[in-house]
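Number of protein chains: 2
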Amino acid sequence: MNSETHHSSVAAQAPDHGLIDRLASRLGVQGLLTDAGDKAPFEASARHGRGIARAVVRPASAEELAWVVQELVGADASFVVQGAATGLVGAATPSGSGTQWVLSTQRLRDRLEIDPVNRSAVVAAGYRLSDVNRAAAEHGLTFPIDLGADPSIGGMAATNTGGSRLIRYGGVRENVLAIAGVLANPPGARVGSTRGLRKNNTGLDWTQLMTGTFGAFGVVTHATLKLHPVQRQTAAALVAVDSAEVAMEILCSFEDALGEFVSAFEGMSGSALTAAVEHLPGVSAPFPVAPPYAVLLEVSSAVSKASGLDLESILMGWLETQIERPGMLDAVVDKPERLWRIRHAISESVQALGKLVAFDVSVSRSRFAAFRACSVELIAAEVASALVCDFGHLGDGGVHLNIVVAPETSVDAIVRLRSKLYQVVVEEFDGSFSAEHGVGPYNQAFYRCFTDQPTRALAGALHAQLDPQGRLGNVRLD
Amino acid sequence: MNSETHHSSVAAQAPDHGLIDRLASRLGVQGLLTDAGDKAPFEASARHGRGIARAVVRPASAEELAWVVQELVGADASFVVQGAATGLVGAATPSGSGTQWVLSTQRLRDRLEIDPVNRSAVVAAGYRLSDVNRAAAEHGLTFPIDLGADPSIGGMAATNTGGSRLIRYGGVRENVLAIAGVLANPPGARVGSTRGLRKNNTGLDWTQLMTGTFGAFGVVTHATLKLHPVQRQTAAALVAVDSAEVAMEILCSFEDALGEFVSAFEGMSGSALTAAVEHLPGVSAPFPVAPPYAVLLEVSSAVSKASGLDLESILMGWLETQIERPGMLDAVVDKPERLWRIRHAISESVQALGKLVAFDVSVSRSRFAAFRACSVELIAAEVASALVCDFGHLGDGGVHLNIVVAPETSVDAIVRLRSKLYQVVVEEFDGSFSAEHGVGPYNQAFYRCFTDQPTRALAGALHAQLDPQGRLGNVRLD
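Top line first, the protein sequences correspond to chains A and B.
The first sequence runs 3 to 480 under the numbering used here.
The second sequence runs 3 to 480 under the numbering used here.
If we strip away everything but chain A, and leave its shape as in the complex, we get (with noise of 0.2 angstroms):
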């Protein structure tokens, strides 16, 4: 369907056309945009298709934005909350229907406050990572959740996003100490707050509510962030091993040697890290010969070298004590950006080899060599053809289980795979079908099939609580 045609049919019988006009006049031309080419880069997924926008209304404040919600749930509208569009389960884009609208709070950038002193920040839902980190800079603080993209702050919380420094930090819900958002019942009501608190134990908790929901329960508008001291050193290399198995030995000894200047601990597939190596210019190997599994690990320091402690030899030294593992084949300490590199270049050397199919799962960290082993062999079972380039925060037990089948892979064969690799993954190893991409329309039907009764009926009570008509969002969690 052309959707700038949908667009004026629409249009024409619309029963919203008052709302369209006091939108339009509290708003101004860059808070209502109505055209189809202004609409479509609101429209596009990051990776699963397109969906059709009624209009995309970019309220600039939370009051502004409250209005908004209040103006759109009275006219019947329902709407999906939208940030920077990075998500990868289709939670921010509006379906096919044309009838739904975006609320982007692409606008939405009236605070991003530094308090060096409470070492946090409060952040309008607009701000992204990388704004964040570059005013925190200034104090030598920093926001340590670390990812490919670079999401807005709201969208971060409703994602509760992980990424691959979890394992020395935590994810977006253990550095968010307040989350302040609109409801959708009663329209426009303003909840939570903006508070640096760090301890504040008193009850039901809007900021725990709303992360990590995508968005069904309210517009998050500010979130304040814990930061950290920046880190003044860091050390990293890569291990070449026999087995997953062999990975997490190392895992435990470099835990328990090296503690808290763990930072990273991720793993790749033989396969994944070729494929980055092949993929990146000027780059070469950096094992004579390609090993079936490999980890990227790092340590970091806000201490600076200065003071008498030196990063790179406390983790040589132990590198050391490593070497004659059984199942230790080499191991390369080299610059960690450079190594970083090969690891960040994964994701899209894998999609140039073909046509992609992608899992985000997750399983307990003792599982997971067990975990990964059986998924092999289900893939192999399922589809012949299929390359498994996984990779993924071995640290935290995740695995980004993305695998490159021949292009005439039947559609069916991939959903017949995706169900079984769920259920395997849910079922026989008590593990996640969405370890940190969330729930959206993408993988909905999965939720439900995993979801047991007594959560789905406290989500579906909290559904009816705070949005009586279904008009927020797009994802339904009873």
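No lab work stands behind these hints, which were simulated from the structure alone.
Just to be clear, a hint being listed does not mean it is correct.
Stated by the list, open to error - No more than 16 angstroms apart at the CA atoms, straight line, and that leaves these computed lysine to aspartate or glutamate pairs for EDC-like: (1) B/K307 with A/D258; (2) B/K228 with B/E115; (3) A/K228 with B/E176; (4) A/K307 with B/E410; (5) A/K307 with B/D312; (6) B/K228 with A/E115; (7) B/K357 with B/D432; (8) A/K228 with A/D312; (9) A/K422 with A/E410; (10) A/K337 with A/D312; (11) B/K228 with B/D148; (12) B/K422 with B/D480; (13) B/K422 with B/D432; (14) A/K228 with A/D148; (15) A/K337 with A/E314; (16) A/K228 with A/D117; (17) B/K228 with B/E176; (18) B/K228 with B/D312; (19) B/K228 with A/D258; (20) A/K422 with A/D480; (21) B/K337 with B/D312; (22) A/K228 with B/D258; (23) A/K228 with A/E176; (24) B/K307 with A/D312.
Please arrange chain B on chain A, whose structure you already have, making use of the hints.
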């Protein structure tokens, strides 16, 4: 009222006689306590008076507990869940009516499983913090929530306890991977899980709902906890300063220079320090003259000295950079356990001085000094005899604002002071009236006073869903 007389009179006409028989028959003598003498220990609150239990029921497994809840709800009985009864707001104490049952988790000790590869532990609610740490230590691990008391794990989860090392590790919320529990509605329904997943981003989470809601929405049966490597070296200093302002400046420098090593930053007024020193046999004053304010600061590391890291010398090096700071009066580096002995003696020693009035409040760290000055002034104006012996977790903005008042101080004066002080902390300083102790019958009136309508409405919807007859616990969050 004599509780023995009371019990007999209730029992004579009790409509729950069949229930008593059924419970006794399935749970045995250890599982059901109905004699006044046996019940007495379960009727006492750690700080706020006593209640009267209809009976005490002590299931020894989650299955038994679920069955007990079903039986209690079926017999229209109301009940309060109790762990080790170390809480300070009365949330685990039965009411005085004599009709409320105590559901004790004391015997719920069916699982204490350490998973060293996953660095986690599955723990039944009835185990205590010290039990977990004893078991974890065998694997070089620890559950690092450091408290004055030795609470049950179920109580810690329900209360979301914080403590002295939250600045480094976070509190319970940041260290609980999963909670399994039992609901009052549907009666006896099992919810949640014991999965040790660090990343699991699949929507509404029982873990978050059961943590820090004081048993209002269900009974915690098991918690899956993150463990951390044990600390292999620790260094500490006691620093005398002329004001809380200077203490906060030192905190900023301390964190900036010593980063991830920082494990505690505890403040105490000169009067609290003096009280502790005078109370402890064989301890001499650390400073020639008691300073207006002092800070116990601690660094620690899981990395051994053998690796080339010497924390004491790093701490000494940093302290030398501070000695010229205006307002920094003196500093003593000593064995950490000797300094902590003083810090831990404060609470008891202040209590020994006379009539204690205690507040557990918090503010943003950047407003701490101003709040402290304001509260000292308020206290002096309201109760002229008051000696302020405040101490607490300065690194988290938390303070136990304990004061000693003349014995003849009227209850009215204390009630007035309490109201005014909470109002100042919440309304003028955007702080919390219960930083870490939580909400119970003791402070529920203040909860009502300071909690906004949407939050209470949402809690009401949860009560209605999870406990429509109001039989669970003695805390209402609506």
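Compare the distance between the alpha carbons of B/K337 and B/D312 with 16 angstroms, and conclude whether the hinted pair is satisfied.
At roughly 15 angstroms apart (the allowed maximum being 16 angstroms), B/D312 and B/K337 satisfy the hint.
For the pair we were handed, B/K228 and B/E115, check the Cα-Cα distance against 16 angstroms.
The hint holds at about 12 angstroms.
Please work out if A/K228 and B/E176 have their alpha carbons no farther apart than 16 angstroms.
holds (13 angstroms)
Just to be careful, I want the Cα atoms of A/K228 and A/D312 compared with a cutoff of 16 angstroms; is the pair within it?
The hint is violated at about 27 angstroms.
Under the criterion that the straight-line Cα-Cα distance not exceed 16 angstroms, is the pair A/K422, A/E410 satisfied?
Not satisfied, since the Cα-Cα distance of roughly 20 angstroms exceeds 16 angstroms.
Given the hinted pair B/K357 and B/D432, is their alpha-carbon gap at most 16 angstroms?
With a Cα-Cα distance of about 29 angstroms, the restraint between B/K357 and B/D432 is violated, given a limit of 16 angstroms.
Given the hint that B/K307 pairs with A/D258, test it: the Cα-Cα distance must not exceed 16 angstroms.
The given pair, whose Cα atoms are some 14 angstroms apart, holds under the 16 angstroms limit.
Below or equal to 16 angstroms on CA atoms is what counts here, so check B/K228 against A/D258.
OK: B/K228 and A/D258 at ~14 angstroms, within 16 angstroms.
Hint consistency between A/K228 and A/D117 [alpha-carbon to alpha-carbon, up to 16 angstroms]
holds (10 angstroms)
Below or equal to 16 angstroms on CA atoms is what counts here, so check A/K422 against A/D480.
Judged against 16 angstroms, a Cα distance of about 23 angstroms means the pair is violated.
16 angstroms limit on alpha-carbon distance, applied to hinted pair A/K228 and A/D148
holds (14 angstroms)
Does the structure keep A/K337 and A/E314 at a Cα separation of 16 angstroms or less?
holds (10 angstroms)
When the structure is compared with the earlier hints, violations turn up for hints 4, 6, 7, 8, 9, 12, 18 and 20 and for no others.
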